[in-house]
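Undergrad: Build the full structure now, drawing on both the sequences and the hints.
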Amino acid sequence: MKQADALKENVERNNDNFIMLPTVDFCFKSLMNNPKVRKGFIAALLKKDPESIRETVLLPTMLRQEYPDDKLGVLDVRVLLEDKTQIDMEMQVAYFAYWDARVLFYLSKIFADQLKRGEPYENLKKCIHVSILDFIHFEKDTECYRTICFCDKKTGKKYTDLMEIQILELKKLPTDIRSGDDLIKWMKFFGGKSRKEFAAMAKTDSFIEEAYKELEKLSADERAKLEYEARERAIRDYNSQMSSALRLGEQKGMERGIRQGEREERRRIIENQLKKGRSMEETAELLGLNLSEVRELAGKEKE
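Positions in the sequence shown are counted from 1; adding 78 to them yields our numbering.
Hints are computed from structural coordinates only; laboratory data are not their basis.
Check before you lean on any hint, since a few could be wrong.
[Claimed, not checked] Keeping only pairs whose Cα atoms sit at most 20 Å apart, straight-line, the calculated SDA-like set for lysine to any residue is:
hint, residue 1, residue 2
1, K274, L251
2, K250, K236
3, K125, I226
4, K107, K236
5, K203, E242
6, K250, E288
7, K249, D219
8, K204, V135
9, K125, L159
10, K114, A376
11, K263, K281
12, K187, K249
13, K126, N112
14, K114, F96
15, K303, V171
16, K125, D161
17, K250, I226
18, K249, L99
19, K107, L153
20, K236, E200
21, K126, E160
22, K263, E294
23, K271, D254
24, K291, K303
25, K236, L124
26, K271, K281
27, K162, P128
28, K162, R180
29, K249, K236
30, K162, I214
31, K125, K162
32, K271, E242
33, K117, V135
34, K194, D178
35, K204, D219
36, K107, S130
[Said to hold, decoys possible] Distance windows between CB atoms, simulated:
hint, residue 1, residue 2, range
37, D299, T163, 27 to 35 Å
38, T163, E275, 41 to 49 Å
39, K274, T163, 30 to 38 Å
40, T282, K126, 16 to 24 Å
Values in this document were obtained by computation on a predicted structure and should not be read as measured data.
Quick reminder that beta carbons are idealized off the backbone N, C-alpha and C, glycines included.
TA: Below you can see the structure in the form of C-alpha cells.
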C-alpha cells in the first residue's frame, strides 16, 4: 500500500513539474496565439518598440507536409501587420533535406499569393520568413542570428527589402550570454529546458513574462498536453527514422567502399602478374578468378 502511495505521489509530483518546451512547434504556435506574446516577439524581430506595433492578425495556416505520406509536417504561424507586412514563422527541431530551397519556395509562394489576377505589382508588401532552428544549420560560423535579403553581389547594396529571411539558431547561443538585446532574450526563452529557466527569463521582460504565464497555462491544460505529447512523439519518431536512415546509408556506403577496395586490390595484383610476363589464363588460375573477370579488370586498368 505504501509503495502504491509513493508511486502515486511521484506521478503527481512529475505532473506538477511538467512544463511544455517552446521548441516543440505545437507549443510555439500556441504561444503565438497570445496577442501580447506575439507583439513582443515580432517587435524583437523587427527591432522596434513593442508599443509601435499596434495590430497583429493571425492568418489561417494548415499543417504543411513536405511529401504525401509525411507524418511530421511543419506547423507555421503567419501574421499580418497593420502595414500589410506578412511574417511567416516556424519552429524546427528536425533538419529537412533541401532546407534552403524549401524556405525560398514557401517565402516566394506567400509573396506571390498577395496579388489577385490583374492587380498591380505596387500592391506587393513585404514578406518575412522566420526560421527558429533547434539545430545548427550554418556550421562554419558562430552567428546565432542572421538576416538574409536580396543585394547586389558586387556593391553589397540592398536590391529590395520586399522579401527577407531571418534565421535564429538556438544551439549557437552561448550558455553564459548576458545580452540586453530583446531578440537574444526571446531566443534564450525559446531554448529553455526547465521551469526554473523560464521563470528567470520572465523577470527580464514583461512580454516574456506573459509568454511564461501562457506556457504555465498551456502546461496545465490536459487537452493541450495530449496534443503536445502527440506532436512530441511525431518529432521523436521522425528524428529516429532519420537517424536510422543515416546509419543504414553509412553502412551501405562502407560496404560499397570495401567492395570497391577489394576490386582495386585485385586489379593491382593482376597488373603486377601481367607485368611479370604471365598470361591472363595463368593469372586467372593463380588467383582463382574467372578468365572473363581478369580480362575485365586488366582492360579497365589499361584504360
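Undergrad: Is the straight-line distance between the alpha-carbon of K114 and that of F96 20 Å or less?
TA: This hinted pair is violated, its Cα atoms lying about 24 Å apart.
Undergrad: Using the beta carbons of T163 and E275, state whether their distance is inside 41 to 49 Å or not.
TA: Given a distance of about 32 Å, which is not inside 41 to 49 Å, the answer is violated.
Undergrad: Does L99 lie within 20 Å of K249 when you go C-alpha to C-alpha?
TA: Within the cut-off at roughly 15 Å; holds.
Undergrad: With a cut-off of 20 Å on the C-alpha distance, tell me whether K125 and K162 pass.
TA: 18 Å, holds
Undergrad: Taken at face value, is the distance from the CA of L251 to the CA of K274 at most 20 Å?
TA: With a Cα-Cα distance of about 18 Å, the restraint between K274 and L251 holds, given a limit of 20 Å.
Undergrad: Taking 20 Å as the top limit, are the C-alpha atoms of K263 and E294 close enough?
TA: Answer holds: K263 to E294 is near 18 Å, not above 20 Å.
Undergrad: Are the Cα positions of K125 and L159 separated by 20 Å at most?
TA: Between K125 and L159 the Cα gap is close to 15 Å, so the pair holds against 20 Å.
Undergrad: Has the given pair, K126 with E160, been kept, meaning a C-alpha gap of at most 20 Å?
TA: With Cα atoms ~14 Å apart, K126 and E160 stay inside 20 Å; holds.
Undergrad: Kindly confirm whether 16 to 24 Å is satisfied by the beta carbon distance between T282 and K126.
TA: Given a distance of about 18 Å, which is inside 16 to 24 Å, the answer is holds.
Undergrad: CA of K291 to CA of K303, is that 20 Å or under?
TA: Between K291 and K303 the Cα gap is close to 16 Å, so the pair holds against 20 Å.
Undergrad: Taken at face value, is the distance from the CA of L153 to the CA of K107 at most 20 Å?
TA: 7 Å, holds
Undergrad: Is the straight-line distance between the alpha-carbon of K107 and that of S130 20 Å or less?
TA: 23 Å, violated
In the structure shown, a violation is registered for the earlier hints numbered 2, 4, 6, 10, 12, 14, 28, 29, 30, 32, 34, 35, 36, 38, in ascending order.
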